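Visitor: Next come the chains, spelled out residue by residue.
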Amino acid sequence: MTPNLHLWLIPILPLVGAAINGLLGKRFSRSLVTAVALVFSGAAFVMALWVALEFRSLPSVPHLESLTTWLRSGTFTVDYSFYLDQLSLVMLLVVTGVGFLIHIYSVGYMREEGGYYRFFSYLNLFMFFMLTLVLAANYLLMFVGWEGVGLSSYLLIGFFFLRDSAASAGKKAFIVNRIGDFGFLLALFLMIQHFHSLDFSSVFAAAKTYAPETAGIGFLTAIGLLLLTGACGKSAQIPLYVWLPDAMEGPTPVSALIHAATMVTAGVYMVARSHTIFERAPTALMVVAIIGTLTAFFAATIGIAQTDIKKVLAYSTISQLGYMFLACGVAAFSAGIFHLMTHAFFKGLLFLAAGSVIHAVGGEQDMRKMGGLKTRIPWTYRTMTIATFAIAGIPPLAGFVSKDEILWRAYQASWAYWLVGVVTAFITSFYMFRLWYMTFFGEYRGAAEHDHSEQAHQAHTSGHHGHGGIHESPAVMLFPLVVLAILSFVGGWIGWPGSLGGSNQFDKFLGPVFRASTPALNTAHAQGGEATPPEAETEATEPIAGHTTEIIFTGISVFAAALGLALAWLLYKHRPELPDRIAASLHGLYQAVANKYWIDELYAAIFVKPLIAISGTVFWRGIDQGIIDATLDGSAEGAREVSDNLRHMQSGNLRSYAGWVAIGALVVMAYMAWVGAGAR
Amino acid sequence: MVPLSYYLVLSGILFACGVMGFLVKRNIITIFMSIELMLNGVNLSFVAFAAHWQNLSGQVFVFFVMVVAAAESAVGLAIIIAVFRTRETLNIDQVNLLKL
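Top line first, the protein sequences correspond to chains A and B. Note that the working numbering has the first sequence beginning at 6, numbered continuously upward. Note that the working numbering has the second sequence beginning at 316, numbered continuously upward.
Treat each hint with caution, since some may be false.
Keeping only pairs whose Cα atoms sit at most 20 Å apart, straight-line, the calculated SDA-like set for lysine to any residue is [unchecked claim]:
#: 1; chain 1: B; residue 1: 340; chain 2: A; residue 2: 657
#: 2; chain 1: B; residue 1: 340; chain 2: A; residue 2: 24
#: 3; chain 1: B; residue 1: 340; chain 2: A; residue 2: 662
#: 4; chain 1: B; residue 1: 340; chain 2: A; residue 2: 656
#: 5; chain 1: B; residue 1: 340; chain 2: A; residue 2: 659
Quick look at which bits of chain A chain B covers, simulated, 3 or more residues with Cβ under 8 Å [said to hold, decoys possible]:
#: 6; stretch: 653-659
#: 7; stretch: 663-676
A few chain B positions that, by computed beta-carbon distances, are all more than 10 Å from chain A [unchecked claim]:
#: 8; residue: 323
#: 9; residue: 359
#: 10; residue: 373
#: 11; residue: 393
#: 12; residue: 407
Hints were generated in silico from the structure; no laboratory data involved. As the structure is a computational prediction, the values presented were derived from the model and not from experiment. Cβ atoms here follow ideal geometry from the backbone N, Cα and C, with glycine treated the same way.
The following block holds chain A by itself, in its conformation from the complex (with noise of 0.2 Å):
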């Protein structure tokens, strides 16, 4: 008998507080909805961790839990249930902890903020559909929540909706992900036609009769490509990364929550979720480890010149992701979860931390105009030192167990992949480092203090934090930040590495989850006679180098990152005057980075603008309004025309009636005389 775990809890929970706060929160205190949306979203962490107490002595794993039939349309159903094994429970812990932090952090952050109990309101609502999204049994209700996570960030980022970038980031958001999406909705169909299901459980038994597709590209090949596309747009990777940097202009706990500790990770979670079809289909798995591979340092070097300390962690957030792509790509899919799970970490706090920075400096966001706040702000300079030695790639702290994971897969698979990532190890340290000293060292170079408060003043009216002088944040956001910091730390030790003395238990208690498909990949692999993609092998055999080898490369990717740090020392601690210098001499290439690469521009002009135009004149104009409104514009105004002219006939007149009732008779007779004479 399995037990019941009343998984659909999970998510109902954040939903019922997010509609007693959405639908009522107008009329509560402001302390009502802080206790409305802290216990809902605190049950759901609850919930969870009861979940993974339980989770030891379930019978069965996957744990399926059905709740009722959604939709039946011949033999094909979907219902309403839900998945449960070892990833969908670290993303489980994952979103509630790190949500629950975060709504905590919120408290405080968003206690000047009107549309108070619409910002828990939205948060919940994001809970309940990215837990749908992560305890969803088939791709359909996954689908559900991977649209309703969209709607949420959507909704979050124009929370200031008053302002126009904040409008306009949030629509950009929605249909960048809107194309994603629709690649996503296509592989869901691909998967009808196929394997006739949508279940989890019943495709991947599916698919795994199917022989690795190493020759030509099958449908398997296109169902991950379409997949991949989706995962692209809500991870943020080339070429659909362009609407993450533009969200920053949601308030700083959704750029946390959002946009890097749980949303964004959702299309990493989905590949890695659908790990059967893509070890079948090794040319998707390449493509998505070379676009895991160029987005990380692609987005590393943009990261590089940005001033406003928001983007600089978006950028980060691409780049990172990147890096969990380019594990699942090289079928190291544990490594990528785990990456996941220590990035869900260090970048929460980053974001948070940096909330607490903006929070202090009375909104401004440009670091050109912060520095010196070392000791104004101890605790968030502690925790924030923290999250960067973290994400930076320093042992022993959680950033450098996961990245070096993945960059020893990488290595495996490709060493171009190896090379490219170090090199972006290197870059993200420096930037990171050069966020932090131009943060927290130096001399504060923003708005005198006495300035301060009509700063802070100005600040408010778009929407952002300030009053008074620079201070710590108060205890309800230090909170959560010291709560991540310590996970930042020491998140990364139950996956330490076999070569330093660890054993990687984060790996082995994947495994089930990842290894499961692979003796059937062996046998089609013996009965297909094709021969099994080099990805797969490595997932399957033991790592073939010795620790020795291991150990040298996490020395050199120890030393790029201490490199970065030693550079970014050199320029922004030691000789601030350098990076000016360095930028006037190195002009085109400089302007190119600090501008994004113009890649903004270039979308804009081979996609907004013709589309614009394209809607403007052939859908607006010429379908619209030529056609459509014509029509019918032209049917009533036909009608019209004929009724004005018959209005006439009603004179009032009763001859004139009369004469009409004589000349219809004679019309009748006529005719009948006409027929009559035709018929003989």
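Position chain B relative to chain A; hints supplied.
Guide: Coordinates of chain B only, in the frame set by chain A:
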């Protein structure tokens, strides 16, 4: 024996006179009389056919028509009186409220 066609031609002339009167005249009473003329033109053709085919149905129809015409003239004259009382005219062109 007068041939059937004579009756029918006479009937047609009577009906046409009625129609013309109805269309041309302005006095309501004259129009009313024109209606009676049309009815009687039709009646004539009915009885002519009845005699020609040796069938009583035509005669029965004529009785019905005459009964209806009597009822109609009673109602019609009452309406004419009511119209005259309210409009103080019998000119049909001035009784033209029945329009858009």
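Visitor: Against each hint, give a clear statement of whether it holds in the structure.
Guide: Evaluated hints:
no.	hint	verdict
1	340(B) <-> 657(A)	16 Å, holds
2	340(B) <-> 24(A)	79 Å, violated
3	340(B) <-> 662(A)	14 Å, holds
4	340(B) <-> 656(A)	17 Å, holds
5	340(B) <-> 659(A)	11 Å, holds
6	653-659	holds (count 5)
7	663-676	holds (count 3)
8	323	15 Å, holds
9	359	18 Å, holds
10	373	21 Å, holds
11	393	17 Å, holds
12	407	5 Å, violated
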